[in-house]
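Novice: What follows is each chain in one-letter form.
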Amino acid sequence: MTAVVRYSRPAVVLHWLLALLIFVAFPLGLYMHELPLSPDKLKLYSYHKWIGITILLLASLRAAWRLTHTPPPLPDSIPGWQRRASQVVHGLLYLLIFAIPLSGWLMSSAKGFQTVWFGVLPLPDLIGKDKGVGEALAEAHEALNFTMLGLVVLHVGAALKHHFIERQPFLQRMGLGRKERA
Amino acid sequence: MNRSLTVLAMFAVLAAPVANAVEYRTVLPAQSTVGFEFRQMGVPVKGSFRRFTPQLRFDPARPEAASAQIEIDIASIDAGSPEANEESAGRLWFDRNAYPHAQFVSSRIRPLGNSRYEMHGTITIKGRRREVVVPVIFVPGKNAASFQGAFTLKRLDFGVGEGMWADVATVANEVQVRFRIAASGN
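So the sequence lines, in the order shown, correspond to chains A and B.
Start counting the first sequence at 1; every next residue gets the next number (our numbering).
Start counting the second sequence at 1; every next residue gets the next number (our numbering).
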């Protein structure tokens, strides 16, 4: 197999943009949560929320693109159970790029802080201020994030295994490396 | 018939000036609120004080003679979140142990017409005094009247939010104060 099948350029750009934002927002969330109250903490919370809403927006674009475009087929060598596992993991990751920012947005509302995207665009509070609901959403946000962490480990691990161990051009599928294999 | 009308008319004549001369001076705390709103990273945050002691005397017929003052218990703050309530007591914010109360004392009241007034006075927060002009709307009710208004003050004028908190890009300098004080004439 010499020809490399790739995702379309918009799918590739959206994939890596989301990956980058998630890799910033996740550790930022863990870090800021432990800080004592300070102006820096307020700033980091805002940045985290702005990134989260941006992820939600890009996730919508991405889902719309995915629903209207067929991804490149997997190589024939991939066994059936791995294809099914891949579908499940991708499905859950799609779900989480919506569920995680949404749970954060709702949590912010429940804790009494409206989300104002980039300090300019106020998003509506979909639920009212409520201490109990706020705490429950904080738990949910955390649980969803650690679920995503596990899935991302599987996702990246699988891609690397196919690419480096099985010597399939997997990283090229997502736009890495040259277009044609030597 | 004629006689009872006359009696009624006499009552009406007697009662009219009395009704006009109600002096509102008994504050109804349960119907009164003192709140504020400020912006934090562009996000509007509402807060309030649950305990305050207002005193006022107001006769709509003689507004120049009116006076008002209020003492606010800093410990009763709701600054939007438990974390902020705790932080606000500290030395950089209200320094609650040294300055447990904030205060407003009116100096004079100027009628603007149409139940609107301009109340001049002094606000003291954290030991710092500032002259302010507060617009007040008088809303008469059946058994009680309310005095409502809103004005903006700058927190840094009072040293509220010093040191690292003096950065107004994070927590805005402007704080809008909103109040509604209900009082009866009894």
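It is possible that some hints are incorrect.
List of simulated lysine-lysine pairs, DSSO-like, C-alpha gap at most 30 angstroms [as the list claims (entries may be wrong)]:
hint	chain 1	residue 1	chain 2	residue 2
1	B	K126	B	K154
2	A	K161	A	K43
3	A	K111	A	K131
4	B	K154	B	K46
5	B	K142	A	K131
6	A	K43	B	K142
7	B	K154	A	K41
8	A	K43	B	K126
Covered stretches of chain B (chain A as the covering partner; in silico rule of three or more C-beta atoms under 8 angstroms from a C-beta of chain A) [stated by the list, open to error]:
hint	stretch
9	38–51
10	73–83
11	165–179
In short, the hints are calculated from the structure, not lab data.
Cβ coordinates follow ideal geometry from the N, Cα and C atoms, glycine included.
Novice: Checking each numbered hint in turn, tell me which of them this model violates, lowest number first.
Specialist: 2, 5 and 6
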